[in-house]
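Chains as they are written, first to last, in the working numbering: chain F, 1 to 113; chain Z, 1 to 118.
To be clear, the hints were calculated from the coordinates, so they are not data collected in a lab.
It should be emphasised that the depicted structure is a prediction, and the values quoted were computed from it without experimental measurement.
Keep in mind that the hints are not guaranteed to be accurate.
Dumping the calculated DSSO-like pairs for lysine-lysine here, alpha-carbon to alpha-carbon at most 30 Å [stated by the list, open to error]:
#, chain 1, residue 1, chain 2, residue 2
1, F, K51, F, K36
2, F, K24, F, K109
3, F, K113, Z, K63
4, F, K24, F, K51
5, Z, K5, F, K109
6, F, K51, Z, K5
7, Z, K5, Z, K63
8, F, K51, F, K109
9, F, K113, F, K36
10, F, K24, Z, K63
11, F, K113, F, K51
12, Z, K12, Z, K63
13, F, K51, Z, K63
14, F, K113, F, K24
15, Z, K63, F, K36
16, Z, K63, Z, K13
17, F, K36, F, K24
18, F, K109, Z, K63
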Amino acid sequence: DIVMTQSPDSLAVSLGERATINCKSSQSILYSSNNKNYLAWYQQRAGQPPKLLIYWASTRESGVPDRFSGSGSATDFTLTITSLQAEDVAVYYCQQYFGTPPTFGQGTKVEIK
Amino acid sequence: QVQLKQSGAEVKKPGASVMLSCEASGYTFTSYYIHWMRQAPGQGLEWMGIINPSGGGTSYAQKFQDRVTLTRDTSTSTVFMEMSSLRSEDTAVYYCANSETSGPFDYWGQGTLVTVSS
């Protein structure tokens, strides 16, 4: 199985400041035939199901604010939240859908400082 | 709009079985795969298996191969997840989600809490 490792496990950021979450896969999830990274980011607010934010490593889902952005390739990926808002308090998960089983990172909890 | 509506909370005794449902609406049921995940209290997300509603083909995580069965009813656009031989460690919120072939999980159900306790 492909292991996804996120860092940090938690972070506290002041309102309006930048939050950066890293995700590393145990093997490349870049498919050479289409040059796509099979990496998604989800947001899970307390008591809610996960919500898709980013897919193909950097494509924002419809309706997701543009303060959320994804980057990276092959084995190293980043989710950036510029100008953190109160409603961004949540746990964020990366997920690879390159291999079976699809696997998730352990999650990163984002709080307000 | 796309919705995945899951059945209500369950309380089961160790050794029992449970069947959960996930009713899809707002899209062509047979055009998207349905995945099942679970999340133990305070823990992360664990993928359990996938079903292709079109042909009924399934694939399971090795951990759940012997205890989980996914089925579907195309007449009601519903997927069912049955888990047998429940133990306390199976206490979790169970989610269904849909995806295109080799795609991210686009929409999620609201989750179903299963509590296993004697």
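Okay, the hints, checked on the actual structure:
| no. | hint | verdict |
| --- | --- | --- |
| 1 | K51(F) / K36(F) | holds (21 Å) |
| 2 | K24(F) / K109(F) | holds (17 Å) |
| 3 | K113(F) / K63(Z) | violated (39 Å) |
| 4 | K24(F) / K51(F) | holds (20 Å) |
| 5 | K5(Z) / K109(F) | holds (27 Å) |
| 6 | K51(F) / K5(Z) | holds (15 Å) |
| 7 | K5(Z) / K63(Z) | holds (26 Å) |
| 8 | K51(F) / K109(F) | holds (15 Å) |
| 9 | K113(F) / K36(F) | violated (35 Å) |
| 10 | K24(F) / K63(Z) | holds (23 Å) |
| 11 | K113(F) / K51(F) | holds (24 Å) |
| 12 | K12(Z) / K63(Z) | holds (20 Å) |
| 13 | K51(F) / K63(Z) | holds (25 Å) |
| 14 | K113(F) / K24(F) | holds (26 Å) |
| 15 | K63(Z) / K36(F) | holds (29 Å) |
| 16 | K63(Z) / K13(Z) | holds (21 Å) |
| 17 | K36(F) / K24(F) | holds (16 Å) |
| 18 | K109(F) / K63(Z) | holds (27 Å) |
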